[in-house]
Amino acid sequence: MKSTKVEIYGQYYQIKGEMDEEYIDELAIYVDKKMRMIADQTPRLDSMKLAVLTSLNIADELFRLRDTLNDRVQKINKKAGEIIKSMDDCLQENEAELGNE
1 MKSTKVEIYG QYYQIKGEMD EEYIDELAIY VDKKMRMIAD QTPRLDSMKL AVLTSLNIAD
61 ELFRLRDTLN DRVQKINKKA GEIIKSMDDC LQENEAELGN E
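Its first residue numbered 1, the sequence shown is counted upward by one per residue in UniProt numbering.
Since the hints were derived computationally from the structure, they do not count as laboratory data.
We treat Cβ as the ideally placed atom computed from N, Cα and C, and that holds for glycine.
Treat the hints with care, since some could be wrong.
To be verified - Below are the SDA-like pairs computed for lysine to any residue, each with C-alpha atoms no more than 20 Å apart in a straight line:
(1) 79 x 68
(2) 2 x 13
(3) 79 x 69
(4) 78 x 88
(5) 78 x 89
(6) 33 x 47
(7) 2 x 22
(8) 5 x 33
(9) 2 x 19
(10) 16 x 27
(11) 5 x 21
(12) 34 x 64
(13) 34 x 11
(14) 33 x 53
Stated by the list, open to error - Just the calculated beta-carbon pair ranges, DEER-fashion:
(15) 49 x 86: 53 to 61 Å
(16) 69 x 44: 30 to 38 Å
(17) 88 x 21: 45 to 53 Å
(18) 93 x 30: 52 to 60 Å
(19) 52 x 21: 24 to 32 Å
(20) 56 x 14: 19 to 27 Å
(21) 81 x 23: 30 to 38 Å
(22) 16 x 70: 29 to 37 Å
(23) 69 x 47: 31 to 39 Å
Produce the entire structure from the sequences given, and follow the hints as far as they go.
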């Protein structure tokens, strides 16, 4: 199991897992930037409230992206169904024409 040291909002954390060090660093940088952005907007928050508020903001991003992805998948599936139906209709027409010859 790999171990990576990261800094988030002035605190150091030792992260253990199978993920690449670069990926963990990228995650830590993202969380750190989010915390600093929220801290700039609401400077009187203690670190625990700041962490919770940051978590809620990141969860909101995740949920919105998931909803957008689900909407796109539904649109793709609908369009794929329409294309398949159109192809089936064309095949049936061709088979009917060939049968009449």
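Q: State the violated hints by number, sorted upward, taking the hints as numbered earlier in the document.
A: none
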